[in-house]
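Taken in order, these protein sequences are the chains called D and Z. Each residue of the first sequence is one higher than the last, beginning at 72 in our numbering. Each residue of the second sequence is one higher than the last, beginning at 20 in our numbering.
Keep in mind that the hints were calculated from the coordinates and are not lab data. Don't take every hint at face value.
[As the list claims (entries may be wrong)] Taking lysine to any residue and the SDA-like style, the derived pairs with C-alpha atoms no more than 20 angstroms apart in a straight line are: (1) D:Lys-80 - Z:Leu-77; (2) D:Lys-162 - Z:Asp-67; (3) D:Lys-140 - D:Gly-167; (4) D:Lys-266 - D:Gly-83; (5) D:Lys-80 - Z:Gln-76; (6) Z:Lys-34 - D:Lys-272; (7) D:Lys-105 - D:Leu-203; (8) D:Lys-140 - D:Leu-94; (9) D:Lys-80 - Z:Cys-33; (10) Z:Lys-34 - D:Thr-81; (11) D:Lys-165 - Z:Val-50; (12) Z:Lys-21 - D:Ile-107; (13) D:Lys-105 - D:Thr-284; (14) D:Lys-140 - D:Glu-109; (15) Z:Lys-43 - D:Glu-157.
[Stated by the list, open to error] Calculated Cβ distances over 12 angstroms to all of chain D for the following chain Z residues: (16) Thr-40; (17) Val-41; (18) Glu-42; (19) Lys-43; (20) Glu-44; (21) Ile-51; (22) Arg-57; (23) Pro-64.
Where a beta carbon is used, it is the ideal one built from N, C-alpha and C, also for glycine.
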Amino acid sequence: MEKTADTPKTAGRVLHQARWYDLFTRFVSLGRDKAIREHLVELAAPAPGENVLDVGCGTGTLAIVLKSKVRMGDVHGIDASPEMIEVANEKAAKVGSNIHFQVALIEALPFPDASFDLVTSSFMLHHLPDDLKRTGLAEIRRVLNPGGRFLVTDFAAGHSPHFPLGNLLSVFGLGHAGGESIVDKHARGEGMVHKLPLMLKEAGFSDVETIATRHKDFAFMRAR
Amino acid sequence: MKRDLMDILACPVCKSPLELTVEKEEQDEIVIGSLLCRKCPETYPITDSIPNLLPPQLRNA
C-alpha cells in the first residue's frame, strides 16, 4: 500500500486503502474474519457500561460490535490512517452507533492513565517493529484501569511450514516488516506472537494467557 | 467529534488536558476546530469532525 501525504512518520506500517480494506481482510482471512472477530469479542467479554478502546481500528468493524455489547459504555477507536477513520465514522453513522474515532498512534495514545476497562487489538501488532510494539504495549497498559484487560489477535507463527496466509499477504505487498519478509520469519518460526507474551510482561501486564482456539492460523492472547 | 469527547481526550505527548476551539459546529457535531495543549504547547486539528492527535513530530506536513 502506497504512502500518501497524510502518512504519519511512524515506524509502523500504515494502511490507507480503506475502501477496499474490509474485502481485503475477508480474503486474507479466507472468509474467517467475522468468526475471528466474534471469537475475540467472546474472549474479551465486554460488559454493559464498560469503556473500551480498539487500537488500530481500521474501518471500525470491531468497534461497532464492541459498542453493541457495552451499550451506554464509551467505545473509542484509533488508527494511524485518516482514510480508515473516515470510513469508520461513515460505517458507524450508517448503523447509528455512537463511537469516538480519532487519528492517533499506538505509541502516543491521546488518553489519560486508567481510562479504559478493555483494550482490543486485531491484526495490527504485526505491522510494528519490536521497539514500537514495546512502546505501544506500555501505552495500552497505561490507559487500562488496574485489572483492565487487553485482548489481542494476530497471525499465528509456525503453524504451517508454508504459512499460506503469509503468502497471501506477500501477494498484497504486506508481507514485510522491518525489512524482512513476514513469510521468511514464519518459515523460521520467529513470528512475533512467540515474543508477545514476554513483551506483554515487560510492558507491565500480568496474567498473560495464550488462548488455544479452533482458528489455528491465528493467535489469541489476553492480559491484565 | 462530540463535545463530550473532551472528557477523555488528552495530549498524546504529555497526556495533559486539551482545550477545545470550535470553528464550525453542526447540530452537536464539531466539524472544524482545534485542540490545544498549553503545556507542550501544541495544537491538534479537527477536520471533517475527526480529531487528528498525531504527535507533531510524527505528522507529515
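Now the hints, each set against the structure:
| no. | hint | result |
| --- | --- | --- |
| 1 | D:Lys-80 - Z:Leu-77 | 4 angstroms, holds |
| 2 | D:Lys-162 - Z:Asp-67 | 15 angstroms, holds |
| 3 | D:Lys-140 - D:Gly-167 | 14 angstroms, holds |
| 4 | D:Lys-266 - D:Gly-83 | 17 angstroms, holds |
| 5 | D:Lys-80 - Z:Gln-76 | 8 angstroms, holds |
| 6 | Z:Lys-34 - D:Lys-272 | 23 angstroms, violated |
| 7 | D:Lys-105 - D:Leu-203 | 28 angstroms, violated |
| 8 | D:Lys-140 - D:Leu-94 | 24 angstroms, violated |
| 9 | D:Lys-80 - Z:Cys-33 | 19 angstroms, holds |
| 10 | Z:Lys-34 - D:Thr-81 | 19 angstroms, holds |
| 11 | D:Lys-165 - Z:Val-50 | 18 angstroms, holds |
| 12 | Z:Lys-21 - D:Ile-107 | 31 angstroms, violated |
| 13 | D:Lys-105 - D:Thr-284 | 15 angstroms, holds |
| 14 | D:Lys-140 - D:Glu-109 | 12 angstroms, holds |
| 15 | Z:Lys-43 - D:Glu-157 | 18 angstroms, holds |
| 16 | Thr-40 | 17 angstroms, holds |
| 17 | Val-41 | 17 angstroms, holds |
| 18 | Glu-42 | 18 angstroms, holds |
| 19 | Lys-43 | 16 angstroms, holds |
| 20 | Glu-44 | 16 angstroms, holds |
| 21 | Ile-51 | 15 angstroms, holds |
| 22 | Arg-57 | 15 angstroms, holds |
| 23 | Pro-64 | 10 angstroms, violated |
Of the numbered hints listed earlier, those contradicted by the structure are 6, 7, 8, 12 and 23.
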